[in-house]
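For this one, chain A is given, so just place chain B on it according to the hints.
Residue numbers (the numbering used here), protein chains in the order written: chain A, 20 to 444; chain B, 20 to 444.
Calculated directly from the structure, the hints in this document are not laboratory data.
Any given hint might turn out to be false.
[As the list claims (entries may be wrong)] Derived BS3-like pairs (lysine-lysine); straight-line CA-CA distance at most 30 Å:
id, chain 1, residue 1, chain 2, residue 2
1, B, Lys244, B, Lys205
2, B, Lys205, A, Lys41
3, A, Lys205, B, Lys41
4, A, Lys205, A, Lys244
5, B, Lys41, B, Lys351
[As the list claims (entries may be wrong)] Output of the computed footprint for chain A on chain B, the stretches with three or more beta carbons under 8 Å from beta carbons of chain A:
id, region
6, 29–35
7, 156–169
Cβ coordinates follow ideal geometry from the N, Cα and C atoms, glycine included.
Protein chains: 2
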Amino acid sequence: MSEHRPRVVIIGAGFAGLWAAKTLAGAPVDVVLVDRNNYHSFFPLLYQVAAAELEPGDIAYPVRTILRRQDNARFRLSEVQGLDLGDRMVRTDRGPLPYDYLILGIGSTTRYFGVDGAEEHSFSLRTLDEAVVLRNHILRRFEAAEQAADSQERRPHLTFVVVGGGPTGVEFAGALQELINGPIAKDHHGIDPSSVSIILVEATPRLLSIYPNRLARYARRRLHKMGVSVRTETTVASVDAAGVTLGDGTRIDSSTVVWTAGVGGDPVVSGWGLPTSQSGRVPVLPSLQLEGYPEVFVTGDLALPQAAAPMVAQNALQQGTHAAGGVLCLLKGDAPPAYNYRDLGNMAVIGRNAAVVHLFSRWAFQGFPAWVMWLGVHLLKLVGFRNRIAAVLSWAGDYLFGDRAARVILERADPPPPQPGRLPG
Amino acid sequence: MSEHRPRVVIIGAGFAGLWAAKTLAGAPVDVVLVDRNNYHSFFPLLYQVAAAELEPGDIAYPVRTILRRQDNARFRLSEVQGLDLGDRMVRTDRGPLPYDYLILGIGSTTRYFGVDGAEEHSFSLRTLDEAVVLRNHILRRFEAAEQAADSQERRPHLTFVVVGGGPTGVEFAGALQELINGPIAKDHHGIDPSSVSIILVEATPRLLSIYPNRLARYARRRLHKMGVSVRTETTVASVDAAGVTLGDGTRIDSSTVVWTAGVGGDPVVSGWGLPTSQSGRVPVLPSLQLEGYPEVFVTGDLALPQAAAPMVAQNALQQGTHAAGGVLCLLKGDAPPAYNYRDLGNMAVIGRNAAVVHLFSRWAFQGFPAWVMWLGVHLLKLVGFRNRIAAVLSWAGDYLFGDRAARVILERADPPPPQPGRLPG
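If we strip away everything but chain A, and leave its shape as in the complex, we get (with noise of 0.2 Å):
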């Protein structure tokens, strides 16, 4: 509002611009944030959503809700077409935005590999908006194949393959099965669980790379308990709409491939004139910031330090607080420090009373204390009072009665309601 204020615009309503626009609070600049959702959404439980577990709303809040006591912030829900690097400007679909500062935290998006077929055939989980869609698709196998006219054609709608054994296909893989060990097999007297198979496919020889060997091994072992087939050292060869071709050619009939192996810059960044990787990434400097344009920080998943960190949510967080403490360092007049990610740790869930832990790159857990310790973290991070009352209770009804209140099929494609030709004002 004030004149004589630095404008500092961060794109993105991620973790890491978030956690930048709410480490501005009390400083003397006007921060404005652009996003094409009016929501966050927590994405480390985007899988839950996809696996009927959590509705679309407990993992998602308002921006406006978020920043609403903080004076010197705005929202403005826009899609970003393009950046003027020289003239410090962001092109955006409501007009032209000014700013003095910016800081870039858009995410990344799925990477195929080049695997011929999998990007139009295959499921991404990386938005709520994708989540729902897998949710429905999901749901709607079961119903397909309570009214197939045998086992042969009921098979691929009852066969899940699950590309990548990193922590989303390893907890989607879990979430799933115990979606179809419980609610489905209650609710669908026509389908015998044993029916359903879930292959989780791994290209390299472990799950969960990022975790020590123990921990790889058990959620291994319990995955195979809970019924899901694992195969590692097993790569893609193509996907079409019938299924997927592995690398040592056995073909697997599935309606249902979902892509969590591969993740990248988003490409729309090099239209934006922005240097970018092979992987889509922007390098950065040691301090996130863009070479030649000291005003302008890349964070979160769209930034590629120089030292290696995850792409994580955690990881996302501490740049976005580091690059307003960069911009903070700028108005004082001094050199932004370079950053360095804390690695506080990692915790996956593969089933009720399993997950697995691993502290500080040091303390390593696993089975009923690691899902309490997961558990406790989730609910303590997720944003928003409600939302942590809607997901305990949606979780306690889950552990006690093995049930699923997220089970409603809405999509609005299907029949396409009436839409006022004035929506998008």
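Chain B alone, transformed into the frame defined by chain A:
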């Protein structure tokens, strides 16, 4: 499953169809409940989804879960394409479905009385999909208003016209005003709540025609006090993309016209070879049977009985129960009895602490006691334990904090997510 038991096909999992299915629990029949959605939605609270007070999942529950413990009932997710009354066959997108008895309960659709542009340019509020579309549109209005160049451009975004002073129109106008006075005022510092207009337009001289006049006057006073402008004896001449023109020539520029004024039978049934009245409803015998087809019962909003009955949830569930009883009579060789609507009462909520209740066509309450009664009855009625808890929490939060949980604009259409070609399997 048994070949010897007569099959009762029920079309529609609304109040009529669901109560018909439940009434047949334990009877010597096979029940097949058909719906194009996999969930039952609690219609009386739909307006709260549109006003961002409840999440869609709070008022929807999977049909299979509701019928989980009913051994003689199966659910079939299908779109009905036609009937073959002579051959006792339902044609669906998943193939034909023969029946011995048929209970139709597909509900109603919005009627526009030939008002020019009304169907194309106004929002309807009869399905969960429509409620979500309207909610997203409303939330986007405030984002657009914040970015408008001047007050002239801003005004249509902040002007909401609700057509129809029945329960849906009154309840929605009240809930929308509370959304604006509460969360929107808190989150949108750039919007002065007093610059927002909600105009409730009703053609007859009074609101809530099925209630005693005292309660209608109370509702009007209360809405006025909250800030809603009520115009009775006012017709709508036309609706266009920029607003509405009233019968007296008054022009209202508005981006949001919500049409709650008319309700009629679903026009699809005339294509099914059923007789229909001018309002699109199907005339039935006093027993709710279709003339000439004693094995067919028509229930809920679709049915036009000789003794008038209101198109409300209570009537639909009584008719569903009655039709199921009629099938049991026919099985025993008895003639189905005539249907009589028992008016247990009506209730509508106007705002926090403010409702109207009319019990047994006799006792009228208003204000806080009516609101408490409304809350209690709706909690008891909501299908499914989990939904009830979520709704209570949502309402409690709304009441205590004047806040709302459901303000996330999640629309799959914008931007379009990848939709693998095999989706509608």
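Hint by hint, here is what the structure shows:
1. Lys244(B) with Lys205(B): Within the cut-off at roughly 20 Å; holds.
2. Lys205(B) with Lys41(A): holds, 18 Å
3. Lys205(A) with Lys41(B): Holds: lysine 205(A) and lysine 41(B) sit about 18 Å apart, inside 30 Å.
4. Lys205(A) with Lys244(A): holds, 20 Å
5. Lys41(B) with Lys351(B): The given pair, whose Cα atoms are some 19 Å apart, holds under the 30 Å limit.
6. 29–35: Three-residue rule not met by the region 29–35 of chain B, so violated; n is 0.
7. 156–169: Satisfied; 8 residues make the cut.
Comparing the model with each earlier hint shows a violation of hint 6 alone; every other hint is respected.
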